[in-house]
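Participant: Chains as they are written, first to last, in numbering that gives the first Met the number 0: chain A, 0 to 160; chain B, 0 to 160; chain C, 0 to 160; chain D, 0 to 160.
I should point out that these hints are in silico values taken from the structure, not numbers from a laboratory.
Fair warning: this is a prediction, and the values are worked out from it, not measured in the lab.
Accuracy of the hints is not assured; some may be wrong.
No copy is singled out in the list; a pair is fine if it fits within one copy or between any two copies.
For lysine to any residue, the following SDA-like pairs were computed, each having C-alpha atoms within a straight-line distance of at most 20 Å [unchecked claim]:
1. Lys97 x Thr69
2. Lys97 x Asn65
3. Lys97 x Leu129
4. Lys149 x Arg38
5. Lys97 x His18
6. Lys97 x Thr128
7. Lys97 x Asp81
8. Lys149 x Gly111
9. Lys97 x Asp25
10. Lys149 x Thr160
11. Lys149 x Val39
12. Lys97 x Met48
13. Lys149 x Thr128
14. Lys149 x Glu30
15. Lys149 x Arg36
16. Lys97 x Arg36
17. Lys97 x Val155
18. Lys149 x Asp50
19. Lys149 x Val84
20. Lys149 x Leu34
21. Lys149 x Glu16
There are 4 protein chains.
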Amino acid sequence: MIRIFVTGGTFDKTYDEIHGRLSFGDTHLQEMLRLGRARVEASVRTLMMIDSLDMTDADREVIVRNCQQTPETRIVITHGTDTMVETAAALARQVSGKTIVLTGAMIPYAFGSSDGLFNLGSALSFVQTLPEGVYIAMNGQHFAWDNVRKNRETGVFEPLT
Amino acid sequence: MIRIFVTGGTFDKTYDEIHGRLSFGDTHLQEMLRLGRARVEASVRTLMMIDSLDMTDADREVIVRNCQQTPETRIVITHGTDTMVETAAALARQVSGKTIVLTGAMIPYAFGSSDGLFNLGSALSFVQTLPEGVYIAMNGQHFAWDNVRKNRETGVFEPLT
Amino acid sequence: MIRIFVTGGTFDKTYDEIHGRLSFGDTHLQEMLRLGRARVEASVRTLMMIDSLDMTDADREVIVRNCQQTPETRIVITHGTDTMVETAAALARQVSGKTIVLTGAMIPYAFGSSDGLFNLGSALSFVQTLPEGVYIAMNGQHFAWDNVRKNRETGVFEPLT
Amino acid sequence: MIRIFVTGGTFDKTYDEIHGRLSFGDTHLQEMLRLGRARVEASVRTLMMIDSLDMTDADREVIVRNCQQTPETRIVITHGTDTMVETAAALARQVSGKTIVLTGAMIPYAFGSSDGLFNLGSALSFVQTLPEGVYIAMNGQHFAWDNVRKNRETGVFEPLT
């Protein structure tokens with residue numbers, strides 16, 4: 000049984016047609032799991048629906064606490080890419096005995112050309128096979144939480160060493 | 000370094016608009032890797048481009064030989080779902096020391112609503128983390144080659160036991 | 000008030016994932032009108048759901064009779080492209096006092112890359128502005144029923160003269 | 000021969016993945032014409048690439064002048080919906096002897112769920128069949144420039160009377 004926590008991020012950005020801007024509505028996770036015909040046992044819970052640039056320490060505490068308290072030992076977290084590494088570090092310091100994989104998208108799922116479905120398939124697979132620890136899964140790769148950074152110029156996650 | 004062998008299947012079916020039917024053209028794998036922004040080192044080679052119901056023993060030999068001869072030890076094979084289990088068995092009998100993951104799609108990638116991108120993200124992740132052996136990755140799950148069947152009525156892969 | 004008659008054709012072909020082939024299910028017309036945010040008053044009726052290569056004289060009679068009997072004077076018919084010209088001729092011989100526009104698609108709507116939405120927007124616009132008569136609307140163009148043929152090699156509708 | 004002038008608007012908004020916001024790049028018009036398999040003779044020219052809320056009187060003068068000077072008498076203009084009615088009024092005051100149709104989209108074309116392709120098919124059809132004058136084509140409907148407003152709450156264009 001896999002637990003999926005939704006926190007927002009580009010994954011779930013949608014187009015607000017009345018105001019002509021990006022916004023957050025409901026998560027697309029259930030629809031993505033349906034499209035991917037996922038048959039892994041996964042329960043989805045939305046913790047927040049925010050841009051990760053707006054994520055506060057208190058928000059991170061909510062994520063940490065949920066990961067601590069949920070009975071599942073395999074957890075996927077959808078998260079904005081900008082501060083994904085920070086949240087991964089907070090989780091690594093405070094959660095043990097679990098495999099946690101953070102993932103996100105560079106292009107909103109609601110766009111036809113999103114990398115979200117690929118990343119979701121990837122994260123759900125890594126979480127089933129990686130040993131305990133906190134990881135980031137992007138671009139078909141996985142990184143340990145303490146050996147990764149987002150290159151802000153290229154938008155790509157890279158190992159530190 | 001991951002080797003990707005393309006054999007056709009629903010993944011790569013396209014719509015032939017002159018004759019109004021499904022057909023095979025070029026593989027969509029490169030486009031899918033681009034869309035998924037995959038940064039795993041992967042080289043793609045098309046072995047054949049056929050419906051897996053039309054796959055002969057000779058075709059399977061071609062797949063086996065390519066898996067034996069390629070220097071990479073991590074291999075993803077895109078394959079029609081109908082005889083994917085048969086090809087997995089042929090590979091398990093004749094290839095050793097490698098992690099081979101077969102994957103496919105229930106809906107062609109060229110359709111907007113395909114499960115292909117999700118499955119590709121999943122297969123590329125499983126192949127990096129599973130031990131040596133032959134596996135099928137579908138629906139976000141992985142199955143050992145000798146404990147899986149395709150349920151023809153539901154279109155879903157299931158464990159035998 | 001516009002009447003839309005659905006007869007099938009490439010427009011409405013869908014992918015049958017259990018049998019791995021194209022088939023007809025329900026029409027996509029309502030979904031397409033919603034996507035196009037159409038606000039023309041239009042009522043949709045499915046007369047048949049077939050490949051136009053399989054359309055018989057009896058089927059054509061059904062279409063003709065429905066066009067005769069419906070009170071609306073502006074009618075759009077979705078139709079397979081292969082015999083669209085034949086149906087247009089049957090309508091021109093037997094229906095008068097109405098503007099009838101036949102349209103279709105080269106790529107099924109269910110494919111991401113369909114021309115269907117463009118053609119539907121086009122047909123609904125032509126039917127509001129063209130004088131009485133029977134027309135074919137494809138590729139952003141309109142043709143009188145007796146001055147058009149489908150070029151089978153290129154898949155394109157062309158004027159005869 | 001139809002002239003298409005591009006001015007930006009929701010039609011052409013794209014997702015800037017480095018900064019995580021909407022922006023304007025190149026127009027999608029050529030790609031949309033290709034997808035719609037349009038065979039009307041149309042030449043596309045980008046006049047500006049802006050949100051119509053940012054459109055100044057000077058920008059409107061550029062549009063007016065281009066419509067006056069182009070030899071074609073049938074013109075489609077893609078435009079943001081927020082001030083489309085204002086630009087239509089400026090055109091009606093200063094351009095005569097031509098059929099001008101303004102159109103736009105509520106959802107960017109780059110989103111899978113855009114109404115853009117439908118509206119483009121509609122606008123290209125109306126411009127071929129409507130008499131001289133300035134019109135707005137949205138939602139499969141056409142409105143004379145002086146009998147239309149955008150309902151800001153619903154995002155829908157409505158007749159004044």
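Participant: Next step is simple, just say for each hint if it's right about the structure.
Facilitator: Results for each hint:
Taking CA atoms no more than 20 Å apart as the test, Lys97 paired with Thr69 passes inside one copy only; the shortest distance there is 10 Å, against 36 Å between copies. In this assembly of identical chains, Lys97 and Asn65 lie within 20 Å of each other by CA distance solely inside one copy; the values are 12 Å within and 38 Å between copies. Taking the shortest Cα distances, Lys97 and Leu129 sit within 20 Å of each other both inside one copy (10 Å) and across copies (18 Å). Proximity of Lys149 to Arg38 under the C-alpha cut-off of 20 Å is restricted to the inter-copy arrangement: shortest distance 14 Å between copies versus 31 Å within a copy.
For a Cα distance limit of 20 Å, the shortest separation of Lys97 from His18 qualifies neither inside one copy, at 42 Å, nor across copies, at 33 Å. Taking identical chains as interchangeable, the C-alpha atoms of Lys97 and Thr128 lie at most 20 Å apart whether they share a chain (12 Å) or sit on different chains (17 Å). In this assembly of identical chains, Lys97 and Asp81 lie within 20 Å of each other by CA distance neither inside one copy nor across copies; the values are 24 Å within and 36 Å between. For a Cα distance limit of 20 Å, the shortest separation of Lys149 from Gly111 qualifies neither inside one copy, at 24 Å, nor across copies, at 27 Å.
Taking identical chains as interchangeable, the C-alpha atoms of Lys97 and Asp25 are never at most 20 Å apart, the minima being 27 Å within one chain and 42 Å between chains. Only within a single protomer do Lys149 and Thr160 lie at most 20 Å apart by alpha-carbon distance; the minimum there is 13 Å, versus 43 Å between protomers. In this assembly of identical chains, Lys149 and Val39 lie within 20 Å of each other by CA distance solely across copies; the values are 16 Å between and 29 Å within a copy. With identical chains, the CA atoms of Lys97 and Met48 are never at most 20 Å apart, being 24 Å at best within one copy and 42 Å at best between copies.
Taking identical chains as interchangeable, the C-alpha atoms of Lys149 and Thr128 are never at most 20 Å apart, the minima being 24 Å within one chain and 23 Å between chains. Taking CA atoms no more than 20 Å apart as the test, Lys149 paired with Glu30 passes in neither setting, with 27 Å inside one copy and 24 Å between copies. For the identical chains of this complex, Lys149 and Arg36 are inter-copy neighbours only, at 14 Å across copies versus 30 Å inside a copy, given an alpha-carbon limit of 20 Å. Neither within a single protomer nor between protomers do Lys97 and Arg36 lie at most 20 Å apart by alpha-carbon distance, with minima of 25 Å and 28 Å respectively.
Proximity of Lys97 to Val155 under the C-alpha cut-off of 20 Å is found in neither arrangement, the shortest distances being 26 Å within a copy and 29 Å between copies. In this homomeric assembly, Lys149 and Asp50 come within 20 Å of each other (Cα to Cα) only inside a single copy, at 16 Å, whereas the closest approach across copies is 30 Å. Proximity of Lys149 and Val84 under a CA criterion of 20 Å is satisfied intra-copy only: 8 Å inside one chain copy versus 39 Å between copies. In this assembly of identical chains, the alpha carbons of Lys149 and Leu34 lie at most 20 Å apart only when taken from different copies (19 Å versus 28 Å within one copy).
For a Cα distance limit of 20 Å, the shortest separation of Lys149 from Glu16 across copies, 13 Å, qualifies, whereas the shortest one inside one copy, 30 Å, does not.
Checked against the numbered hints above, the structure breaks hints 5, 7, 8, 9, 12, 13, 14, 16, 17 and satisfies the rest.
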